[in-house]
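Participant: Residues per chain are reported as follows:
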Amino acid sequence: MKWFDYECPRTVEAAVGLLSAPGRKVRALAGGTDLLVQLRAGRREADLVVDIKEIGELNELRLDSSGLTIGAAVPCYRIYNDPAICRAYPGLIDAVSLIGGTQIQGRASLGGNLANAAPSADAVPILIALGAQCLIAGPGGPRSLPVEDFCVAPGRNALAPGELLVSIHLAPPLPGSGAAYLRFIPRNEMDIAVVGAGASVVLKGNVFAAARIALASVAPVPLFVADAGDSLIGKPVDEASINAAAEIARAAAKPITDMRGTAEYRRHLCGVMTRRAIARAIARGKETN
Amino acid sequence: MGTKGRCLVSSRKDPDVPKTGQSGLSRRGFMQGIGVGSGALGAGILENEAQAAPPPGGFSGPAAVPITLRINGKSTNLTVEPRVTLVDALRNHLDMTGAKKVCDRATCGACTVIMSGKVVYACSVLAIDAQGKDIQTIEGIGSGNKPHPVSVAFVHNDAQQCGYCTPGFVMAAKGFLDRNPNPTFEQVEKGLGGNLCRCGTYVGVRQAVLEAAKEMKGGKNA
Ligand SMILES: Cc1cc2nc3c(=O)[nH]c(=O)nc-3n(C[C@H](O)[C@H](O)[C@H](O)COP(=O)(O)OP(=O)(O)OC[C@H]3O[C@@H](n4cnc5c(N)ncnc54)[C@H](O)[C@@H]3O)c2cc1C
Ligand code: FES
Ligand code: FES
Numbered sequence: 172m173k174w175f176d177y178e179c180p181r182t183v184e185a186a187v188g189l190l191s192a193p194g195r196k197v198r199a200l201a202g203g204t205d206l207l208v209q210l211r212a213g214r215r216e217a218d219l220v221v222d223i224k225e226i227g228e229l230n231e232l233r234l235d236s237s238g239l240t241i242g243a244a245v246p247c248y249r250i251y252n253d254p255a256i257c258r259a260y261p262g263l264i265d266a267v268s269l270i271g272g273t274q275i276q277g278r279a280s281l282g283g284n285l286a287n288a289a290p291s292a293d294a295v296p297i298l299i300a301l302g303a304q305c306l307i308a309g310p311g312g313p314r315s316l317p318v319e320d321f322c323v324a325p326g327r328n329a330l331a332p333g334e335l336l337v338s339i340h341l342a343p344p345l346p347g348s349g350a351a352y353l354r355f356i357p358r359n360e361m362d363i364a365v366v367g368a369g370a371s372v373v374l375k376g377n378v379f380a381a382a383r384i385a386l387a388s389v390a391p392v393p394l395f396v397a398d399a400g401d402s403l404i405g406k407p408v409d410e411a412s413i414n415a416a417a418e419i420a421r422a423a424a425k426p427i428t429d430m431r432g433t434a435e436y437r438r439h440l441c442g443v444m445t446r447r448a449i450a451r452a453i454a455r456g457k458e459t460n
Numbered sequence: 038m039g040t041k042g043r044c045l046v047s048s049r050k051d052p053d054v055p056k057t058g059q060s061g062l063s064r065r066g067f068m069q070g071i072g073v074g075s076g077a078l079g080a081g082i083l084e085n086e087a088q089a090a091p092p093p094g095g096f097s098g099p100a101a102v103p104i105t106l107r108i109n110g111k112s113t114n115l116t117v118e119p120r121v122t123l124v125d126a127l128r129n130h131l132d133m134t135g136a137k138k139v140c141d142r143a144t145c146g147a148c149t150v151i152m153s154g155k156v157v158y159a160c161s162v163l164a165i166d167a168q169g170k171d172i173q174t175i176e177g178i179g180s181g182n183k184p185h186p187v188s189v190a191f192v193h194n195d196a197q198q199c200g201y202c203t204p205g206f207v208m209a210a211k212g213f214l215d216r217n218p219n220p221t222f223e224q225v226e227k228g229l230g231g232n233l234c235r236c237g238t239y240v241g242v243r244q245a246v247l248e249a250a251k252e253m254k255g256g257k258n259a
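Line by line, the protein sequences give chains A and B.
Under the working numbering, the first residue of the first sequence carries the number 172, and numbering increases by one thereafter.
Under the working numbering, the first residue of the second sequence carries the number 38, and numbering increases by one thereafter.
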């Protein structure tokens, strides 16, 4: 690994100051499960690494009447070890509990999963489906951004130089709401999604009151398919509605062919995985109705 | 919350390390450029470093910096560059070669140690970032005369061939059993999913973990 300087600030302001260091290639370090691998392989460059794990706001994990706030540096295991969060956001738990193995889950953060901006990032589709907001600090002050606008290209996010992802916020779950994330991989675990599908629905009786759908690994960025979710609104909760939404998702996918699957195969899987994710979200929505 | 933020730039220079001038800036010039008048910086690193002794000014690194690691219950001082990973610090600086470096990219699990009660890949944690945490390595969980029950169960069940993955597996198994003292077979399978064995000893490993779970019941040994 090439040399770098290291700093471990205690405050968001100090971190932003470091991330803005002129003439420096600065990278934030959370769990390092992406960053250290990339630095070693020469796929990213840094001459100043800013460890963000000692900053209070980035370690916050709070569930209250305003919803769920997840500090950007909170590792996956803290999220799925919280029974109240598991009850309130089972769709999120689907995703955080399948990222890597135990050794990865003790370190890998949701913020890092998002900021790394991989098209295959497992946490991102469900965050989009749940309508999550990113809270960002930077030299120009704080701002917030919907998760679906956060990833802009493979490996590139919407953060300007000096900006830091502080936390991710989810609204409280509504009655009748349910969500699910499903991933297709050729092995049982420890692999990159061939296709991932996240769905969230809000049911009013036997009708969809709201729905959002997003996909992993089928476009240069995690793909929000607004039309697929919108198509469900006002429709009865039945197979025909689900199939129609899944068809929209399938058509929206722009996958590539690689060693994990052909584009055609991935497009087919988009339909299948979207259908199953919606079905699971519905089952969970019925439990909370 | 640790002492990480307070590490100092060492006066020791490592000849292998490029001087800061590589980035086109001297360290002093760089600090003058952003340090003064930047409230954020002033409140952050400068203050932290000020707590710690003569301020050389600048960032920690890239030359070696003094750090303290707490390994198997003992605090150890060493001097490493910020880029040095925990597995390299253990193996190359502290002569603790139990954790193996195999893939060096967070995939195989041979370097597994337990840090703050959680299993981690030591190849993907910076040593400087491991300060202030309790680190447990294979050297710390038993000896040749008095092996840990997990190690004993590995021997009983022929859970190794070449043995190169074994220390990592034993640590992963111990970390898993600390949290799941009564696991099912499926839980063992999933719990050890972060470790690979090129010799294919998985069947023996899973049996060993189940056997160790029985042996360790009632806090007989930990
Ligand atoms: C063996 C293995 C298996 C894996 N399996 C999966 C998997 O199944 N699914 C999956 O989705 N991913 C997987 N990953 C990828 C990885 O673990 C995740 O993307 C992880 O969530 C990244 O989080 P981190 O805290 O380790 O981020 P880091 O590596 O610390 O950072 C990642 C990137 O984000 C930037 N960054 C981090 N935090 C911030 C912040 N707050 N503000 C601005 N920028 C920031 C960093 O500078 C860096 O560029 C796997 C990785 C490994 C090594
Ligand atoms: S050497 Fe660390 S996981 Fe392989
Ligand atoms: S025993 Fe040889 S790699 Fe596992």
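It should be emphasised that the hints constitute simulated quantities derived from the structure, not laboratory data.
Fair warning: this is a prediction, and the values are worked out from it, not measured in the lab.
Where a beta carbon is used, it is the ideal one built from N, C-alpha and C, also for glycine.
Worth double-checking, as some hints may not be accurate.
To be verified - Incomplete in silico selection of chain A near chain B, CB under 7 Å: (1) M172; (2) D176; (3) Y177; (4) G203; (5) T204; (6) L207; (7) T273; (8) Q274; (9) V378; (10) E435; (11) A454.
Said to hold, decoys possible - Calculated lysine to any residue pairs in the SDA-like style (CA-CA distance at most 20 Å, straight line): (12) A:K375 to A:H340; (13) B:K227 to A:Y248; (14) A:K173 to B:C140; (15) A:K173 to B:K155; (16) B:K155 to A:N252; (17) B:K227 to A:I356; (18) B:K227 to A:P357; (19) B:K155 to A:Y248; (20) B:K227 to A:Q209; (21) B:K138 to A:Y248; (22) A:K173 to B:T116; (23) B:K227 to A:D362; (24) A:K173 to B:E248; (25) B:K155 to A:I404; (26) B:K155 to A:P254; (27) B:K155 to A:R249; (28) A:K173 to B:K138; (29) B:K155 to A:L232; (30) B:K155 to A:N230; (31) B:K138 to A:Q209; (32) B:K183 to B:D195.
Participant: Is the hinted pair K155 (chain B) and L232 (chain A) satisfied, with a Cα-Cα distance of at most 20 Å?
Facilitator: Cα-Cα ~19 Å, so holds.
Participant: Once the shortest beta carbon distance from E435 (chain A) to chain B is found, is it less than 7 Å?
Facilitator: Because about 29 Å separates E435 (chain A) from the closest Cβ in chain B, which is outside the 7 Å limit, the hint is violated.
Participant: Please verify whether K138 (chain B) and Q209 (chain A) have alpha carbons no more than 20 Å apart.
Facilitator: holds, 17 Å
Participant: Take a quick look at whether K173 (chain A) and E248 (chain B) sit within 20 Å of each other, Cα to Cα.
Facilitator: Answer violated: K173 (chain A) to E248 (chain B) is near 44 Å, above 20 Å.
Participant: Interface hint check: Q274 (chain A), Cβ to nearest Cβ on chain B, cutoff 7 Å. Holds or violated?
Facilitator: Constraint on Q274 (chain A) satisfied, holds at 4 Å.
Participant: K227 (chain B) and I356 (chain A) were given as a pair; does the straight-line alpha-carbon distance stay at or below 20 Å?
Facilitator: holds, 15 Å
Participant: Can Y177 (chain A) be said to touch chain B, with a Cβ gap under 7 Å?
Facilitator: holds, 3 Å
Participant: With a cut-off of 20 Å on the C-alpha distance, tell me whether K173 (chain A) and K155 (chain B) pass.
Facilitator: It is violated: about 28 Å lies between the C-alpha atoms, which goes past 20 Å.
Participant: Min Cβ distance, D176 (chain A) to chain B: is it shorter than 7 Å?
Facilitator: holds, 4 Å
Participant: Quick one, are K375 (chain A) and H340 (chain A) close enough, alpha carbons at most 20 Å?
Facilitator: Measuring from Cα to Cα gives roughly 24 Å; hence the hint is violated.
Participant: Regarding the pair K155 (chain B) and N230 (chain A), is the alpha-carbon distance no greater than 20 Å?
Facilitator: holds, 17 Å
Participant: Quick check on the hint: L207 (chain A) CB to chain B CB, less than 7 Å?
Facilitator: holds, 5 Å
Violation of the numbered hints given earlier is confined to hints 9, 10, 11, 12, 15, 20, 21, 24 and 25; the remaining hints are satisfied by the structure.
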